[in-house]
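> What follows is each chain in one-letter form.
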Amino acid sequence: MTVASSSPPSRLPLSDAGAVAPAKKARARTRGDGALAAVFIAPAMLGFLVFLLWPTVRGIYLSFTRFNLLTPAEWVGLDNYVRMVNDPIFWGSLTVTVEYVVINIGVQTVAALAIAVLLQRLTQSALLRGIVLTPYLMSNVVAGLVWLWILDTQLGIGNEIISALGFDRIPFLADDTWAIPTIALINVWRHVGYTALLLFAGLQAIPNDMYEAAKVDGASEWRMFWRITMPLLRPVLAVVLIMTVIGSFQVFDTVAVTTAGGPANATNVLQYYIYGSAFGRFQFGYASAMSVALLVVLSAITVLQYRLTRAGQTDLG
Amino acid sequence: MRLRTLTALAGALTLSLVAGCAKGGSSGASANTVTYWLWDANQLPAYQACAKGFEKENPGLKVRITQLGWSDYWTKLTAGFIAGTQPDVFTDHIQKFGQFADLKVLEPLDDLDIQESAYQPGLAANWIGQDGHRYGAPKDWDTVALFYNDKMAKAAGLTAEQLNSLSWNPEDGGTFEKAIARLTVDRNGKRGDEPGFDKNHVKVYGLASNGGGYGDGQTQWSMFTASAGWNYTEKARWGTKYQYGSKTFQSVIKWYFGLAKKGYLAPFSDYNVQSNQANTQVAAGKAAAAFDGAWMISTYAGFKGRDIKSALTPVGPTGKRATMMNGLADSITKASKNKAGARKWVEYLASDKCQTVVGEYGVVFPATPAGTEAAIAAYKKKDLDVSAFTDPVADKKAFRTFSYPITNYAADVTALMQPEMEAIYGNGKPVSSLDETNDQINLILDQ
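If you read the protein sequences in the order shown, they are chains A and B.
Position 247 of the first sequence, counted from 1, bears residue number 247 in my numbering, the numbering being contiguous throughout.
Position 239 of the second sequence, counted from 1, bears residue number 239 in my numbering, the numbering being contiguous throughout.
Rather than coming from a laboratory, the hints here were simulated on the basis of the structure.
Positions of the beta carbon are idealized from the N, C-alpha and C atoms, including for glycine.
On the chain A side, residues computed to face chain B include the following (Cβ under 7 Å): (1) Gln154; (2) Pro171; (3) Ala174; (4) Gly262; (5) Gly280.
Here chain A is said to cover these stretches of chain B; the calculated rule only asks that three of the stretch's residues, wherever they fall, bring their Cβ under 8 Å from a Cβ of chain A: (6) 76-86; (7) 93-105; (8) 272-280; (9) 417-423.
Using the sequences provided together with the hints, build the complete structure.
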């Protein structure tokens, strides 16, 4: 991802310089471009090395060690990976995380798509677009806390209303069947506007005359959605899916605020388990091994998604 | 568009990382400053007063106190040890002590000449590590008792005398279970001990929930397991065998969480460590009583219109009452930049002089007997009877006091016991499953 993003700056100055000063001598131009290119690349390169490459390499190294951060790391070979494969809590965390991602991404994508299409087909109001985005402006922790209080079994206003309507109170965040769907939906609430806006931007790229032509042919809105919108939105939808799935797998803050992994590990998502192992139990080696596992899972899913959705190609034009 | 989006995202990510890594910049220790951390906001004014006295006695030395909430406190302290921004002196908890001693981040305090006899019994000895060195100077102590809503007790026909003479057993729960049932009221106004009581629609629970209790059950089940004669490990300090596999332990746990099935104890789903702990349930009038620690006395007293009183823990099968007596200590960090000043400050914190000043604020029981007396007097001035907390320490015949389990791998024990106890409490998992968890824990301790 970062490799790709650092290539445009290195190419752009070349073509720009060529366009602005075509009369200059080739030698001088090349030398000037090289320095300029380096300047443009430097920040991205620095960020890539310091924040991505080095931590990744070191994380992979640490996954083969026993390390408590305060005393030197001790090489233990594959011990951490053997432990991981035999750790029922790890597999439980992975299952819970997948359950979360399926609910979160499933509901969020459908809802975001619906909102985006409605925004495009029905209204051009910037105010409405702004309102849709509002929850996204709130920090995850604040959103988690607000929902925690609303949904509290005994004291939350949500459960007060449910109780006043004559139903039994629902332990949204305290029951092992409810907790994951609840957290997934809290995050849908927060992210759906942003996802809708990304899709909305993708919809803007679909030429309006296609819809006009379809209308002339007597196509319904429903038919236009499936025959025009969906196929042409596919590359954007694919990228949005890849990004949101990666983000979804990394769910942490909402869990930390609302359930702290409970009840009885029912919401102990992978990132939370990794965090607890590292910063609660000082098992940085084991935590690194699980992080590497997460990296592998995410890479595999991304490649698969990219292939299946042909994200790099468009059907437009 | 895709590339530009990605570039923008990468840029934003980099920026947020840089911002996130920016130093908090609160270390700034120097030769004439001692930095000190504590977590209890109620105690901040008391220790500020103490610091004033210290600065007067030690001209040129300044104490800078930082207060952080319980969970932030440990996260920040851990981060501080790693980044070198730790305080010179910090309030230490017995559960974290073993790990910190193991990580070698604490400075030995042997030369401070802490005399065990100068403090309430047992407090000083807990802070000696397995290597024989002292790592903490005793600062305070707490016990657990039963807070109850006096209005609700009166409505149930229960007097203070009755509530102070309860007994229990794991078979039928004894007079304790009867009292808790009596305090429970369903939505039709029926009490827990009356025919037709609807356990599925309880309006006020007899006993509030404080969660599963991790591996220690301090304010949940420890007063019962201890008064049944059970111990966490095979010896008082630095044991290597936990005893969660014991039949005694399991029978007590089965009875205790069974109270929730009967509708007397608030169900696990009503508890939330963030939003709804036992004291909140009592404050909201959703529970009539709660086991809680001495550090909560002022909090419970502050509940408007709730007239909260406290009662002794019930007498158990051993014929004794039991309550966990836990004490905090002040520790110096090994990487402290001002060890000389830190030593002076810890010495002062551990002295009668400072502990009496702290006691006079009436927010905590200081570790020295004089400090404890000052605190009792201060509570009395606020019209608070704290004998339910102090009697167990004074009378060793009728009471058993015991400490938190002090072992290695405390964080791992918690990580394994938390979900286990939650599953027993919340999901009705059989208590016999504790055998397996106990084996796993002892395997870790054997390493």
